[in-house]
Amino acid sequence: MRFVLNEVFDAPALWASLPKVAEHVDPETADAILEEAGKISSGVLAPLNREGDEQGCKWNDGEVTSPEGFKEAYQTIVEGGWNGLGGNPDFGGMGMPKTLVAQFEEMMQGANMAFGLAPMLTAGACLALDAHGSDELKEKYLPNMYSGVWSGAMDLTEPHAGTDLGIIRTKAEPNDDGSFNVTGTKIFITWGEHDMAENIIHLVLAKLPDAPKGPKGISMFLVPKFLVNDDGSLGERNSFSCGSLEKKMGIKGSATCVMNFDGAKGWLVGEENKGLAAMFTMMNYERLGVGIQGIGAAEASLQSAREYALDRIQSRAPTGAQQPEKAADPILVHPDVRRMLLTMKSYVEGGRTFSTYVAQWLDIAKFAEDDERRKHAEGMVALLTPVAKAFLTDRGLDTCIMGQQVFGGHGFIREWGQEQLVRDCRITQIYEGTNGIQALDLMGRKVVGTQGKLYELFAQDVANFLEENSGNDHLRPFLEPLAAAVERLDDVTEHVIKQAGDNPNAIGAASVDYLDLFGLTALGYMWAKIVKAAAPQADSDTSGFYSGKLKTARFYFDRLLPKTVSLAEGIRSGSDSMMALTAEEF
Numbered sequence: 001m002r003f004v005l006n007e008v009f010d011a012p013a014l015w016a017s018l019p020k021v022a023e024h025v026d027p028e029t030a031d032a033i034l035e036e037a038g039k040i041s042s043g044v045l046a047p048l049n050r051e052g053d054e055q056g057c058k059w060n061d062g063e064v065t066s067p068e069g070f071k072e073a074y075q076t077i078v079e080g081g082w083n084g085l086g087g088n089p090d091f092g093g094m095g096m097p098k099t100l101v102a103q104f105e106e107m108m109q110g111a112n113m114a115f116g117l118a119p120m121l122t123a124g125a126c127l128a129l130d131a132h133g134s135d136e137l138k139e140k141y142l143p144n145m146y147s148g149v150w151s152g153a154m155d156l157t158e159p160h161a162g163t164d165l166g167i168i169r170t171k172a173e174p175n176d177d178g179s180f181n182v183t184g185t186k187i188f189i190t191w192g193e194h195d196m197a198e199n200i201i202h203l204v205l206a207k208l209p210d211a212p213k214g215p216k217g218i219s220m221f222l223v224p225k226f227l228v229n230d231d232g233s234l235g236e237r238n239s240f241s242c243g244s245l246e247k248k249m250g251i252k253g254s255a256t257c258v259m260n261f262d263g264a265k266g267w268l269v270g271e272e273n274k275g276l277a278a279m280f281t282m283m284n285y286e287r288l289g290v291g292i293q294g295i296g297a298a299e300a301s302l303q304s305a306r307e308y309a310l311d312r313i314q315s316r317a318p319t320g321a322q323q324p325e326k327a328a329d330p331i332l333v334h335p336d337v338r339r340m341l342l343t344m345k346s347y348v349e350g351g352r353t354f355s356t357y358v359a360q361w362l363d364i365a366k367f368a369e370d371d372e373r374r375k376h377a378e379g380m381v382a383l384l385t386p387v388a389k390a391f392l393t394d395r396g397l398d399t400c401i402m403g404q405q406v407f408g409g410h411g412f413i414r415e416w417g418q419e420q421l422v423r424d425c426r427i428t429q430i431y432e433g434t435n436g437i438q439a440l441d442l443m444g445r446k447v448v449g450t451q452g453k454l455y456e457l458f459a460q461d462v463a464n465f466l467e468e469n470s471g472n473d474h475l476r477p478f479l480e481p482l483a484a485a486v487e488r489l490d491d492v493t494e495h496v497i498k499q500a501g502d503n504p505n506a507i508g509a510a511s512v513d514y515l516d517l518f519g520l521t522a523l524g525y526m527w528a529k530i531v532k533a534a535a536p537q538a539d540s541d542t543s544g545f546y547s548g549k550l551k552t553a554r555f556y557f558d559r560l561l562p563k564t565v566s567l568a569e570g571i572r573s574g575s576d577s578m579m580a581l582t583a584e585e586f
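Residue numbers (full-length UniProt numbering): 1 to 586.
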């Protein structure tokens, strides 16, 4: 993480260029935050992960009890101020940049994803409230949410309405005092009810009586579990409750709630009928956060698999005994085990670099004072967010499965932890917008919808890198294949834009393969950046850290980047074979 922040991206220089960030962070502060985050994640959160999975949350007559140790761990997070790490300093947040916060998020999610969802959802709710809430709402709620004394929840999904939020049925009736009575049922509400915080602040999507049909008729309301008095003290319980907890494949330590609102008192956040736009303020950050969950789980899997491969002895190396004093060699000697570990390492380290790259654009979009610089960053965020969410979680699950495979039969057994990582990571491809929806967003809205204008921002960024480093001897073996991958992505982008003009199915048929093609190319770009930073220090490196980066980059370019060739061919084949079968033929 230090290498990515300081050597690949020179984050301190970025922070210094953003006055609102420079007020709050410097390299020493950032390093202290990383150090403490590592201690909390490894010492407090990781030890609770397996027990949380085995115990799960308990529901009793609307009340939810978190697994043993979660409440105490939550207090540790609260006391350290971690809930408000990236929050607005005007209301008690620490004002740290996303480039730094993203590293803490990865540690927390990799250590204990079920627990990590609670601070993650609170941070998202704070972000939406800070961006769209009235001054009165912000002053009343944000300080206690940033401190973690109160937590946050996001209530979008209904039994009949997941992706298509335009058809939600939850209603909000206006009262004379400016409040609203919210009635309806929401499902899949992460940490919608629990015993870790004094109050839970729900941001609920609902429709006003005269709202337009579809997504343009959605408003957002702040609905607290306990009403808050004028002096800030807690009043009576609001008119909603948790009807049940979902029984899930993974993240069993978190409460996934059915929430029933029965005329619950709420307050409008932002403008009437503009609730979806307000929610999307949060979604860009949350979607990157979910991508980071994928990396966190993958990193945890890699750490365990690497240790196991060094320790477990089975058979001899193909080239002869490497440790003849033992009955067999460590499984790390076998090419297939190395294939799995190197693939895992390539995706984890490349993915961490990519998530930091996206976080960098989020920081510029939020804090830059130059309008042109900010607008450019906003375009990059819009383009890259679906890639970060979907590609990093798809590869995250792949990596967790490979880690399980390294363990063989032991990977299927509960005590080693690999099977839990597979189950927990699986949700990341589904929530915050399924990965198929992310691919449609990328291909349909961001690429075809702008006639390639947003895509050009990324393509130009890579082109600038290729040109600036054309004389770099260390990079020369990597620049040509990277340029070829970008040209392939350029061609396919243009091809789909043309197809989409005549064929309504073109976007949907191409979208998932296109996102994978984009993600593989983007990680190629990240690995080239890693090589640039690592190569000058590799010769004098006795730890193997920098030389290991160069060798992993070589593996990525030799074995993983070439997958872009087959993806491009598949996309160019069009939609005919995909749409040819009748319903009966399925």
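Because the hints were derived from the structure by calculation, they are not lab data. As the structure is a prediction and not an experimental result, all values here were calculated from the model. Glycine included, each C-beta is placed from N, C-alpha and C at the ideal position. Any given hint could turn out to be false.
Beta-carbon label-pair distances, calculated as ranges [stated by the list, open to error]:
| hint | residue 1 | residue 2 | range |
| --- | --- | --- | --- |
| 1 | Pro335 | Asp195 | 28 to 36 Å |
| 2 | Asp398 | Asp230 | 46 to 54 Å |
| 3 | Glu54 | Arg476 | 51 to 59 Å |
| 4 | Asn229 | Leu310 | 56 to 64 Å |
| 5 | Ala13 | Thr582 | 54 to 62 Å |
| 6 | His410 | Glu51 | 18 to 26 Å |
| 7 | Arg373 | Arg559 | 13 to 21 Å |
| 8 | Glu271 | Ala32 | 38 to 46 Å |
| 9 | Arg338 | Glu494 | 36 to 44 Å |
| 10 | Gly38 | Arg374 | 41 to 49 Å |
| 11 | Ile313 | Glu467 | 45 to 53 Å |
| 12 | Lys39 | Glu467 | 40 to 48 Å |
| 13 | Gly43 | Ala13 | 55 to 63 Å |
Hints, one by one, checked against the model:
| no. | hint | verdict |
| --- | --- | --- |
| 1 | Pro335 x Asp195: 28 to 36 Å | violated (50 Å) |
| 2 | Asp398 x Asp230: 46 to 54 Å | holds (53 Å) |
| 3 | Glu54 x Arg476: 51 to 59 Å | holds (52 Å) |
| 4 | Asn229 x Leu310: 56 to 64 Å | holds (59 Å) |
| 5 | Ala13 x Thr582: 54 to 62 Å | holds (59 Å) |
| 6 | His410 x Glu51: 18 to 26 Å | holds (20 Å) |
| 7 | Arg373 x Arg559: 13 to 21 Å | violated (37 Å) |
| 8 | Glu271 x Ala32: 38 to 46 Å | holds (41 Å) |
| 9 | Arg338 x Glu494: 36 to 44 Å | holds (38 Å) |
| 10 | Gly38 x Arg374: 41 to 49 Å | violated (32 Å) |
| 11 | Ile313 x Glu467: 45 to 53 Å | holds (50 Å) |
| 12 | Lys39 x Glu467: 40 to 48 Å | holds (43 Å) |
| 13 | Gly43 x Ala13: 55 to 63 Å | violated (32 Å) |
When held up to the earlier numbered hints, the structure conflicts with 1, 7, 10 and 13 and fits the remainder.
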